[in-house]
Amino acid sequence: MAGDTTPHAPTRSLEPAPLADAPAPGAGGGNGDAPGTTSGRARATRSADVVQTRASLIALAVLVVVFAAISPQFRTVGNLQQIIDAAAVLAVLATGITFVLLLGAIDLSLPGVIGACAMTVSLLVANSRNTQDLGLLGIGLTILLGAGFGLLSGVLSTRLRIPTFMTTLGMSAIGLGIATILFAGVRPVVLDEGLGAWAAHRIGGFTVMSLLAVAAVALGWAIQRWTRIGRYAAAIGGAEDIVLLSGVPVARYKTLAFGVAGAFYGLGAVMLTARLGSGVVEAGAGTDFAAITAAVIGGTLLSGGRGGVLQSMIGVLALTVLANGLILTGVSPYVQQAVQGVIVVLAVAVATWPVRRRLGVVK
Amino acid sequence: MTETAVETTGPGDDDGPASGAARRSRRDLALLVMPGAVLVLLLLALSTRNPDLLSPDSLLAIADSAAPLMVLAIGVTVVILCGGIDLSIAALAALSSVLFAMWIPLFGAAAAVPVIAVAALAGAVQGLVHVKAKVNSFIVTLGGLALWSGIALVISGARTVPVSDVDAIRWAFTTVAGLPSAVLIALGAVVVLGSVLRLTPAGRWVRAVGHAEQAARLAGIPVGAVKVAAFTTSGACAGLAGVLLVARTFSGAPSLGATLLLPAVAAVVVGGTAITGGFGGIGRTVIGALIVIVLRVGLSLIGVDAGFESIIYGVLIIGAVAVTIDRTKLDVLK
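One line per chain: the protein sequences are F and A, in this order.
Read in our numbering, the first sequence has 95 at position 80, and its numbers run on one by one without any break.
Read in our numbering, the second sequence has 261 at position 226, and its numbers run on one by one without any break.
Read the hints as simulated data drawn from the structure, not as lab findings.
Ideal placement from N, C-alpha and C gives every residue a C-beta, glycine not left out.
Check before you lean on any hint, since a few could be wrong.
[Unchecked claim] Ranges between beta-carbon positions, derived for each pair:
no., chain 1, residue 1, chain 2, residue 2, range
1, A, Q249, F, L343, 47 to 57 Å
2, F, L343, A, G192, 49 to 59 Å
3, A, R205, F, R371, 48 to 58 Å
4, F, A215, A, V358, 46 to 56 Å
5, A, S82, F, A212, 22 to 32 Å
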């Protein structure tokens, strides 16, 4: 536990650029991949990013070393596979929420969107409730439904001009309502063999789901790095007013970023359903929090414009290792929830501590 | 000092061009009348379905079931007036319900006092972290949500904690002069909080901080202290709400709070308090809480699926925020 806070210390010695006015749009990728801009501030920001990433990696390494020292069970190949399998769903969800966080927005809609998508996919593939058997098409439709939820959150936020945490809080309630209506009192058990194999079948020691998650994360990274949706998302988070003045249709790209995020939540819901073996309304309970925590401790800042999919993955692994290690050392799973609550606040506080005097009004 | 604070009750703010001021005063007037009108219309519409709804007994029953929600919502109203948000209230109420049920054997009826004190302390801690570390209030309280519900689950062993001595909580579910005591307690909380906000500088300070924090700071208002006090109030109200919940269910439960956050936030914004801060008040939240409860009663009266209740909360929150939000304060929307 102590390992989560101390490794962030190096950020203090450095002087990162103020969070509110991060780099020029071109350098917004934040992966140190824009060699064209060499102004002093861009360099400072980039090196701050590198320090942040290193700090997160050190935190992960410290966790691994500490638990490996405490628990002999932790240092087994089987447990490594278990950690990767356990991280799969969170990795996909964190990839999605990274796009929203890059904007400087927040997404609390995961429990609702995942609940609705989990019920939808379990009713569209072969199941115990109805005669549908759409198989892969059903999974595709579910991912589209997730994207639809995301687009709706984006449209409502940008067109009605509402803060995203309110829109997505409302959207979560709407999704949970839809899930409850679809549930209708009878749990649909998934009979589709293809979907069942996601959790049961192993290739090279890893479940199909884990391999899918790796592919999804790679896809998310590609979207973030090589498409306008990803590039503009980081730029908007860095300096929205400047991006707007450069003629970028900000509202459209914000909405699209929410849509991409929603598609990943949809895939996450399918994976959760495969793991649970049936459609569960509360499948997404607490996932909003876990995904935000993972992204933040990985170095994707809530102020937007900094971090990325790969950084978030460090956070996902750190959180999963922490959960796995706490279980192996005999700590109640409920304690983990409390610990996560403290960690996320600490991570945000540590990230903003060096510049807190320069932050203006914080709501 | 109070002279420099923002005018709180007048409908028209005196900044901006004339057309903007006129538009804003129209908006304020609409916000003043609408929640009450909605409540009356809702009651009338439902009474055509079931005439008994408007009888004193059933109105009192509605008020009785609204009491915990109302207490929870007036607390978070103070934080929202400051321009922040408290997402931890429901989890804190659940933790308080567990603590209350566990402490009754120790303290008897007086257990409510330490429970509310602990909840207030929890709120104060969140406020201090928010102010000192300059972390967004929603992220602090989201962390708080996980922390408090985690603690509630751990100390209760994830089980419902039954009340060992029903007599010790009788004061919270008896009737006094024909009125349910829970309603009187909720009204008492409303009156105390309302008069502190109206009769002392506190109300002006809170609204000034929510309306224009920099200006409030320059005017010499102790902005940090006001914010911490707001979060402390919110925590204390969550504690009281937890106590009232125990009196309704005769047990404390760590999962009790999960269903209360959305209705409480809905009550605040439906009442017309702007999520951007500075505009609104306790009275509005009382009406908002009644609207939410009447809606819930009405939906079960009409016999719609429970899922629709959740959808309606979601739509209500988004719709009400869209109407009440003060967009002049948002240059960049996050």
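Hints, one by one, checked against the model:
Hint check: Q249 (chain A) to L343 (chain F), Cβ distance near 50 Å, so the stated range 47 to 57 Å holds. For L343 (chain F) and G192 (chain A), the hinted distance range of 49 to 59 Å is not satisfied, since their beta carbons lie about 21 Å from each other. Separated by about 49 Å at the C-beta atoms, R205 (chain A) and R371 (chain F) satisfy the suggested range of 48 to 58 Å. For A215 (chain F) and V358 (chain A), the Cβ-Cβ distance of about 50 Å falls inside the hinted range of 46 to 56 Å, so the restraint holds.
As the Cβ distance of S82 (chain A) to A212 (chain F) is approximately 56 Å, the hint placing it in 22 to 32 Å is violated.
Of the numbered hints given earlier, the model fails hints 2 and 5; all others are met.
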